[in-house]
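Engineer: Those protein sequence lines, which keep their order, are chains A and B. Note that my numbering gives residue 529 to position 529 of the first sequence, counting from 1, and the numbers run on in steps of one. Note that my numbering gives residue 228 to position 228 of the second sequence, counting from 1, and the numbers run on in steps of one.
Any given hint could be a false lead.
Said to hold, decoys possible - In the DMTMM-like style, the derived pairs of lysine to aspartate or glutamate whose C-alpha atoms are separated by at most 20 Å in a straight line are:
no., chain 1, residue 1, chain 2, residue 2
1, B, K204, B, E138
2, B, K75, A, E548
3, B, K135, B, E113
4, A, K289, B, E150
5, A, K584, A, E548
6, A, K584, A, D223
Note that these hints are calculated values from the structure, not bench results.
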Amino acid sequence: MTTTTTETTPVIPLPARAAAALTGLGALATAASAAMAWTWTSDFPGDLTFYGSPAGLQWLALAAGLLTLVVLLGSQGVPGLRWATPAGSNNAVLYAATGTLAVSVYSVASIAVELDGLVNLEPGGWVLAAGGLITVLGALGLPLDRRTAVPLRIVDKRLFLLVPAAPLVWFGTHAIPEDKPVAPVLTALAGGVAIATGAVLLVQLGHLANTWLRLGKIERPLDAPRALPSWVEVLVIIVAFGLGLFAITFGIDTEYGELFIGCLLFAGPTLAALTKSGLIARLRALTVKHRPVTTGAAFAAAASFPFTQSSDQYTSVATNILIFATVALGLNIVVGLAGLLDLGYVAFLGVGAYSAALVSGSPASPIHVQFPFWAAMLTGAAVSMIFGVIIGAPTLRLRGDYLAIVTLGFGEIFRITMLNLNGTTGPKVTNGSNGIPRIPDLEIFGFDLGKPHTVAGIELGRFSNYYLLMLLVTAVVVLIFARVGNSRIGRAWVAIREDETAAEAMGINGFRLKLLAFALGACLAGLAGTVQAHVSYTVTPDQYTFAEALPPNSAFLLAAVILGGMGTISGPLAGATLLFLIPKKLEFLADYQLLAFGAALIVLMRVRPEGLIPNRRQQLEFHEAAIPAQPTGEPTALTKAGA
Amino acid sequence: MTTTAAPLLEVTGVTMRFGGLTAVNDVSLTVGEGEIIGLIGPNGAGKTTFFNCLTGLYVPTEGTVRYRDVQLPPKPHLVTQAGIARTFQNIRLFANMTVLENVLVGRHTRTKEGIFSAILRGPGYHRAEAESRAKAMELLEFTGLADKAEHLARNLPYGEQRKLEIARALASDPGLLLLDEPTAGMNPQETRAAEELVFAIRDKGISILVIEHDMRFIFNLCDRTAVLVQGQKIVEGDRETVQNDERVITAYLGAPLEEAAPAAEGTTPAAPEDTK
Ligand SMILES: Nc1ncnc2c1ncn2[C@@H]1O[C@H](COP(=O)(O)OP(=O)(O)O)[C@@H](O)[C@H]1O
Ligand SMILES: [Mg+2]
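Go ahead and model the full structure; you've got the sequences and the hints to work with.
Structural biologist: Next up, the structure:
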């Protein structure tokens, strides 16, 4: 936070000119390699064997190289490109270069691993690898914003005992014949020790690199932006959202996991580079200035997604992402605003889905009625809300962790009850584990959502229809969140989250407001559930568990909120999108899927503990760091006895 | 209000026991309209506990609290609704909300906009919100925090956090304000400024009950002062009565009084245990 301990020096002592030239050369080479063949065989996914026609990972290399070049030229002050790095920091170049290196190293490595050996690389592959390396070496020679000294941190020394333990366990597993009963146990143990050792070494390596690079969180103040005509500003926002739509579409449409990982490796450093360069701050200022345009552009971009798709393959993914994201936003009211830990939230989605299924006219439903959709939606939302009140009323009077325990229990009770209402172990309502199948497609004003329709020459399939319907529901939830969050009620929720005793002393009826948050959250999840029932044809109890490998489940929902950014709107939406896509696209890793997913989560939380999209309040904190914090402890940590 | 003579706050025989410990023992106290009353006593005497009993944070074991001739229910939000606001000895702001938002939360009981009004945002909602903001800004002007309205509460310096607690309490339009050690941790200039602030609040027609350790502060401000020792009120009265009371001198004042008033010369600081 102190600004006096910073300097602007290169990590590798090079003349500034030479460093810039080297970076540019590397970036150009990387971009150019996209037009060359990387490998000789089409066995590697995406077929990277052609000259002059980039595919898959090659597009990423092209984008990364060009982006690094633009950021570099911007920070060098080349006229016409200065907008690219308004903060004028070379650190942005370094981050962009890191993205280039990540894409190139990852591409080369995955070719070598999948095709067995570096011999499978064509010249283009070598150009790519060299380009990535030269870019980063050059960027390290640029004058960077650094700390004058960063003391070396050492992980707990006892953890280093793992290092000699690893070969011992390895030896043990190999010395014992495989048919001995202890063999699998030892193998598992060896795996665990190996992973733990790797993690410890990685963390220590990170500390070493940090001491060497000395790149802390150093902010450069942005000077006031040049005044632009307001139509230009609006245009910039629209272009930005267009690019965003393009990027997300590219990510969803990735046909093989390798490309998706490449996307993530590219996206992380690129976002860091754009943040450092000051572009994100500029864009944020514009979106704040033109709020209605921004909201409109965001929804227009989202609504145009089905029009970019030629089949239902990815619109079904996108529809499920929307459902998941909407439920995460509902949970954000409960967790992010009111600070109530709800571990069984997915059950409310289930209540909504089952209610809609029961009144959908499905032949498997014991109630032989078919509500019009609006009535089914209201029913689902209302039933869900009633359950919210029933669960909340007795527990919300208590403080502390009771709510977490009760909601965790409720989630399981809901699933087990749905299993048991099967006609044998209970009354016949839900068909037990078979669920309620054959839920008919919706018909809204004579518009059958189950059939493809042609709009503006583009055929929209079944999932596209449901996607657009779900987008409307999302819009409603966003509107409710935004308006209630920024009102007397929303402020009371945040006050309760911050310090319940103080909030009550300010005249807030804590119990009533917590119940309100809980009921509203349940109601919104139920609303999403009514659509979900129709999208997935069938509702079964095992769709609504606490934790599973695939979303939506309560653990993933909570992760989406925390990862995305508590108390924000775009945070849970972005977090849910990522959390839905990562496990889905990592399916090719088979047994290692969950491991890789866990690693991705840890990296994300390590790099951005405040969430992908930090709360406006946390941003404020960022800008006011020079003002000393209060000398006493955290007020929220005080107990009632300390009042 | 019934008659002009009826006190604003009437506490009768309040006792608070925590298991075997009697933190407050049969304390009665009245605060009249427009009065500033001081409450002093050594650390652990039960002053904060007494405040908590008044504001519904604790349910007193015995005794009643009447405000404007109505018995107060032991629920903090209802007490605030009735017109008693308070600050906390160890600052309890909403740390991650802005200064303005903190004060707006203080307006909670005096506004009614519910969830539907927030979603629909009719003209009534906008009017109420604008009124709340105007009122909150007015209070920030009053306490001298207007230029920090958009700062996070946690980033204010200590003295300003205390002021913000007062502004937040005033936002509920109280008839009686309870201040728990408002100058703790302040330097002498800040303490004098706080004195001015307390007078200015009284001039708005708000009565004040204040816990303090700074004797000069207490005797400058208060119409009457009550002394609490080991949960019991041992004396109550004006400056002379309190300063010259033997029990007060032996039990508590000792050293601080020597600075504040030479009359207490010769007394040795004694532990509160020696009193009974
Ligand atoms: N919630 C509680 N449970 C048990 N003991 C308490 C509680 N609150 C206060 N006490 C005790 O009551 C006594 C008076 O405390 P307090 O009112 O904070 O004193 P003062 O504010 O006068 O310094 C202390 O001995 C304290 O430990
Ligand atoms: Mg106290």
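Engineer: For each hint given before, does the structure comply? Return the numbers of the non-compliant ones in rising order.
Structural biologist: Checked against the structure, the hints that fail are numbers 2, 6, while the rest are satisfied.
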